[in-house]
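Enquirer: This note's numbering puts the first residue of the sequence shown at 1, with every later residue one more than the last.
Everything labelled a hint here was simulated from the structure, so no lab data went into it.
Remember, predicted model here, so these are calculated numbers, not experimental data.
Take these hints with a grain of salt, some might be off.
Ranges between beta-carbon positions, derived for each pair [unchecked claim]: (1) Q170 / M242: 20 to 26 Å; (2) K60 / L186: 26 to 32 Å; (3) L372 / N71: 30 to 36 Å; (4) Q32 / N388: 36 to 42 Å.
Capping the alpha-carbon separation at 27 Å, the derived lysine-lysine pairs in DSS-like fashion look like this [to be verified]: (5) K357 / K338; (6) K164 / K92; (7) K164 / K421; (8) K383 / K157; (9) K157 / K387.
Cβ atoms here follow ideal geometry from the backbone N, Cα and C, with glycine treated the same way.
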Amino acid sequence: MGIRSNIANTVKRVLGFGRKATPLGSLKRAYQGALVSRLTSDWMSSQLSADAEIRNSLRKLRDRSRELVRNNPYARQAKRTTQINIVGTGMKFQSLVLQQRGGKRDQRINNIIEEAWSEWTQADSCDCAGKYSFHEFEWLAAGALCESGEAIFRVVKQQFGDSKVPLALQLIESDLLDEEYDGKTLTKGNEWRNGVEVDEWGRPQRYAILKKHPGDAYYLDYANKQSLHIFINASEIIHLFMPERPGQNRGVPWFHSVMNDMHQLQGYEEAAVIRARAGASIMGFIQNDQGELIGDDVQNAQRIQNFEPGTFRYLMPNESVNVPDIDYPSQQYEMFVKNKIRRFATGIGCSFETISKDFSETNYSSSRLSLLEDRQHWSFCQKYMIKNFHLRVFKMWLELAVLTGELDFPDYSANSMRYCKPRWTPPAQHYVDPLKEIKAYREAEQAGYMTKSQVIAQTNGGDYDDIVSEIAREQDVAEGLGVTLDKDLDLEVEIGQTQAPQPETPEPTRAKKTRKKKTD
Numbered sequence: 001m002g003i004r005s006n007i008a009n010t011v012k013r014v015l016g017f018g019r020k021a022t023p024l025g026s027l028k029r030a031y032q033g034a035l036v037s038r039l040t041s042d043w044m045s046s047q048l049s050a051d052a053e054i055r056n057s058l059r060k061l062r063d064r065s066r067e068l069v070r071n072n073p074y075a076r077q078a079k080r081t082t083q084i085n086i087v088g089t090g091m092k093f094q095s096l097v098l099q100q101r102g103g104k105r106d107q108r109i110n111n112i113i114e115e116a117w118s119e120w121t122q123a124d125s126c127d128c129a130g131k132y133s134f135h136e137f138e139w140l141a142a143g144a145l146c147e148s149g150e151a152i153f154r155v156v157k158q159q160f161g162d163s164k165v166p167l168a169l170q171l172i173e174s175d176l177l178d179e180e181y182d183g184k185t186l187t188k189g190n191e192w193r194n195g196v197e198v199d200e201w202g203r204p205q206r207y208a209i210l211k212k213h214p215g216d217a218y219y220l221d222y223a224n225k226q227s228l229h230i231f232i233n234a235s236e237i238i239h240l241f242m243p244e245r246p247g248q249n250r251g252v253p254w255f256h257s258v259m260n261d262m263h264q265l266q267g268y269e270e271a272a273v274i275r276a277r278a279g280a281s282i283m284g285f286i287q288n289d290q291g292e293l294i295g296d297d298v299q300n301a302q303r304i305q306n307f308e309p310g311t312f313r314y315l316m317p318n319e320s321v322n323v324p325d326i327d328y329p330s331q332q333y334e335m336f337v338k339n340k341i342r343r344f345a346t347g348i349g350c351s352f353e354t355i356s357k358d359f360s361e362t363n364y365s366s367s368r369l370s371l372l373e374d375r376q377h378w379s380f381c382q383k384y385m386i387k388n389f390h391l392r393v394f395k396m397w398l399e400l401a402v403l404t405g406e407l408d409f410p411d412y413s414a415n416s417m418r419y420c421k422p423r424w425t426p427p428a429q430h431y432v433d434p435l436k437e438i439k440a441y442r443e444a445e446q447a448g449y450m451t452k453s454q455v456i457a458q459t460n461g462g463d464y465d466d467i468v469s470e471i472a473r474e475q476d477v478a479e480g481l482g483v484t485l486d487k488d489l490d491l492e493v494e495i496g497q498t499q500a501p502q503p504e505t506p507e508p509t510r511a512k513k514t515r516k517k518k519t520d
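Put together the whole structure using the sequences plus the hints.
Expert: Encoded structure:
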């Protein structure tokens with residue numbers, strides 16, 4: 001009985017029963033990803049929060065990301081394609097205020113708002129420094145999201161230039177938001193997290209902004225760091241970044257997961273070019289039996305050697321040369337480079353063709369599939385920009401424009417939501433095959449799956465009302481000059497076919513049934 005009891009207790013402990021149960025994880029972990037072995041001993045991991053990891057790495061990530069954009073063509077193209085696909089030639093603004101009765105658009109009020117907004121978005125009015133227009137702010141913000149991980153704007157409620165609206169924006173580089181600041185807080189429950197003071201719920205309260213750029217050559221006053229900051233309330237800061245973890249208060253460059261790949265690729269390409277040049281430059285060697293080295297390239301009894309095409313090199317007495325067979329670049333060069341570029345494109349959410357500009361291995365189906373997946377990513381980024389940047393700025397501008405009398409809306413205080421109806425249309429996406437795309441949109445619209453407004457917005461970023469009005473104007477001009485447009489001819493043909501009398505079809509004659517007589 002004793003032996004059986006010991007065996008039973010041992011089995012229970014292994015299976016996890018009893019007070020002194022031995023967990024199965026001590027024998028073999030349930031997840032292979034958590035296994036610690038000889039092959040995973042160099043796998044570094046941490047339990048730090050998002051802000052803790054960012055604080056230790058943000059400055060170095062930002063500096064390396066900018067170095068890649070300056071010197072690496074693929075990183076430069078990644079930033080450029082981010083700006084083109086998110087902002088492009090600019091997000092078109094349109095006011096959609098409706099009439100109080102009837103539900104139709106109030107075109108008079110919409111025109112007033114659109115004209116006033118267009119005037120304010122000029123560089124002289126919307127920028128504190130008078131350098132950038134609102135579209136250029138969009139462009140710089142999209143590039144900063146990719147390169148630096150975040151874009152920061154300060155809202156200054158003051159008139160600049162010829163604007164009557166007391167509102168302007170100041171673009172602040174992310175280096176000025178001091179992630180190392182850890183001073184006094186407004187209340188006891190607040191804390192500083194990477195330059196942002198947050199309350200107990202994690203809501204931003206203030207931002208610690210450096211007065212001068214830490215990398216500025218004229219920035220020499222490091223004695224009293226406390227006097228180097230200005231503290232701006234969160235209501236006056238627009239902080240744009242794509243969070244990757246809950247509780248994150250700072251953004252990181254989009255290149256962070258593929259920086260090492262681009263650095264290694266840059267060194268590999270440089271070594272490959274040098275090796276190829278060396279292989280193409282050496283022509284031959286000359287054996288010199290004399291003990292003394294002579295020539296213009298001899299200094300201090302040593303000959304200076306440079307690889308140049310079409311040259312012969314002298315050797316020391318009694319020396320011989322073993323010339324290596326430098327056949328480079330090899331076939332593996334192109335494969336290695338493509339693999340690194342694919343990794344880089346995947347890390348930032350783009351297709352290989354977009355980053356490399358190499359479309360040699362694509363067809364219509366693969367190109368369309370790649371573009372559709374990219375557009376989902378860019379669409380999310382566009383909606384984020386519109387919601388957190390455009391809409392917030394417009395609400396402040398509209399309220400201040402009414403208060404200063406720039407917009408005369410007497411019932412605004414009682415019905416402010418009626419006038420705050422903006423819409424920004426992102427730039428249109430280009431076609432892979434225009435004929436197929438247009439036919440597909442036409443069939444979808446005729447089947448009722450899409451409206452004409454949706455088709456127009458997706459194809460050229462325009463507005464249905466504007467296009468119809470422009471078509472009507474063109475038709476009036478053409479009729480006044482006695483010109484018939486192609487689309488008018490097509491419309492007449494289509495109307496003529498629908499109104500043409502249909503030929504009468506004779507009624508089908510019924511065959512007479514005959515009964516056979518039964519015979520006896």
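Enquirer: Now tell me, hint by hint, if it's right for this structure.
Expert: Going through the hints against the structure:
1. Q170 / M242: 20 to 26 Å: Hint holds: Cβ distance 22 Å, inside 20 to 26 Å.
2. K60 / L186: 26 to 32 Å: This hint holds: roughly 31 Å between Cβ atoms.
3. L372 / N71: 30 to 36 Å: holds (32 Å)
4. Q32 / N388: 36 to 42 Å: holds (40 Å)
5. K357 / K338: holds (11 Å)
6. K164 / K92: Between K164 and K92 the Cα gap is close to 23 Å, so the pair holds against 27 Å.
7. K164 / K421: holds (22 Å)
8. K383 / K157: holds (26 Å)
9. K157 / K387: OK: K157 and K387 at ~21 Å, within 27 Å.
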